[in-house]
Amino acid sequence: MTHSVMFHHFHDDFHLPSQGSLSASEFDLMISWLRDRYDILDAQEYIDRFLSQTLKNTDICLSFDDALKCQYDVALPVLRKNNIHAFFFVYSSAFSDKPDFLEIFRYFRTNKFDSVDEFYNYFFDFLIQNDKDEYLSQQNQYSSLGNYSSAFPFYTENDKWFRYLRDQYLGNEKYTNIMLEIISEKSFDINEVKKKLWLGEDELLKIHENGHVVGLHSYSHPTQMSKLTADQQLKEYQQNFTHLSKVLKTSEITSMSHPCGDYNLDTLSLLKEMGIQIGFRSSMSVKEIKSPLEIPREDHANVFKEMKH
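Quick note: the sequence shown, position 39, residue 39 per the numbering used here, numbers continuous.
The set of hints was computed from the structure by calculation and includes no laboratory data. Watch out, some of these pointers could steer you wrong.
Dumping the calculated SDA-like pairs for lysine to any residue here, alpha-carbon to alpha-carbon at most 20 Å [said to hold, decoys possible]:
#, residue 1, residue 2
1, K194, F113
2, K160, E203
3, K290, K305
4, K174, G146
5, K69, I84
6, K227, S187
7, K174, I190
8, K195, K206
9, K69, K195
10, K98, L16
11, K132, F162
12, K160, E209
13, K272, K305
14, K206, F95
15, K56, Q44
16, K132, F113
17, K227, I183
18, K246, G211
19, K174, Y120
20, K235, N264
21, K112, Q44
22, K305, H11
23, K174, Q224
24, K272, G211
25, K112, Y175
26, K287, N177
27, K186, N130
28, K98, E173
29, K195, I183
30, K69, Y120
31, K132, G171
32, K160, I178
33, K174, E185
34, K196, Y120
35, K196, F101
36, K290, S96
37, K69, L16
38, K235, S96
39, K160, Y107
Taking the hints into account, I'd like the entire structure generated from these sequences.
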């Protein structure tokens, strides 16, 4: 069925390898593998065919989330070589002096520890030391849920438990405070990392001018958009739209992807009112396209796993 393949992290000599990241050669090989099985459409052609209801089951597109510098440095030359124009979904706080901590925390846990599991053990121990009874209570609740994050089969058990604690138990404010405390213990320089992680606005403009489609991804990248009020969600996307319109010098922004694949009916309603024509989820857990704002995406990690079989 028609869908998008979703990408995030890439590595080279400057951008360190991290959980799930691809090299340029691996990305190039993946494009070849996909082309043997699908027709990879340019992003604008995908929009046009979707709106005219002329997409075939073998039509797919490529999409990149989070405005990451590694995408510009590593993935973009490979796209150019293969003559592919993709979607780039951008959250705007990444360009501010107060970016969301999501990517900073990811960089910390994958680069300041010998392995991501070493970080997880450190994080879990931190919570146990603060409130062991509540930690055990959360473990029981987590166990009762069955397969948490089943839409992301490439997650390890530690990945799932960590995400449950972050999103369901702690919430954004508590989680942020805990991470900042751990970062302080490890003498980690956040300001230095900011320079490595994200695109500059000039680079984002170049992506747009080179024929790729830049779309919304909220302002601050909430991990659970559906927990925000309708007004808070509207503010997230209006600020995102205003920023991108200014940088790209156009108000013709008609596409988006849902941060962490999380949204509700309020989200869909406000995006439609804003004139967003096409939107993407973050998994294939629901394969049918329920609305133009709910197109499924396959994570590249699943594609990479299939390639190896």
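Hint check results:
no., hint, result
1, K194 <-> F113, "holds, 18 Å"
2, K160 <-> E203, "violated, 34 Å"
3, K290 <-> K305, "violated, 27 Å"
4, K174 <-> G146, "violated, 25 Å"
5, K69 <-> I84, "holds, 19 Å"
6, K227 <-> S187, "violated, 33 Å"
7, K174 <-> I190, "holds, 18 Å"
8, K195 <-> K206, "holds, 19 Å"
9, K69 <-> K195, "holds, 9 Å"
10, K98 <-> L16, "violated, 23 Å"
11, K132 <-> F162, "holds, 16 Å"
12, K160 <-> E209, "violated, 39 Å"
13, K272 <-> K305, "violated, 35 Å"
14, K206 <-> F95, "holds, 15 Å"
15, K56 <-> Q44, "holds, 15 Å"
16, K132 <-> F113, "violated, 24 Å"
17, K227 <-> I183, "violated, 27 Å"
18, K246 <-> G211, "holds, 17 Å"
19, K174 <-> Y120, "holds, 17 Å"
20, K235 <-> N264, "holds, 15 Å"
21, K112 <-> Q44, "violated, 39 Å"
22, K305 <-> H11, "holds, 18 Å"
23, K174 <-> Q224, "holds, 15 Å"
24, K272 <-> G211, "violated, 24 Å"
25, K112 <-> Y175, "holds, 18 Å"
26, K287 <-> N177, "violated, 37 Å"
27, K186 <-> N130, "holds, 18 Å"
28, K98 <-> E173, "holds, 15 Å"
29, K195 <-> I183, "holds, 17 Å"
30, K69 <-> Y120, "violated, 26 Å"
31, K132 <-> G171, "holds, 18 Å"
32, K160 <-> I178, "holds, 18 Å"
33, K174 <-> E185, "holds, 17 Å"
34, K196 <-> Y120, "violated, 23 Å"
35, K196 <-> F101, "holds, 14 Å"
36, K290 <-> S96, "violated, 34 Å"
37, K69 <-> L16, "holds, 12 Å"
38, K235 <-> S96, "holds, 16 Å"
39, K160 <-> Y107, "holds, 18 Å"
In summary, the numbered hints that this structure violates are 2, 3, 4, 6, 10, 12, 13, 16, 17, 21, 24, 26, 30, 34, 36.
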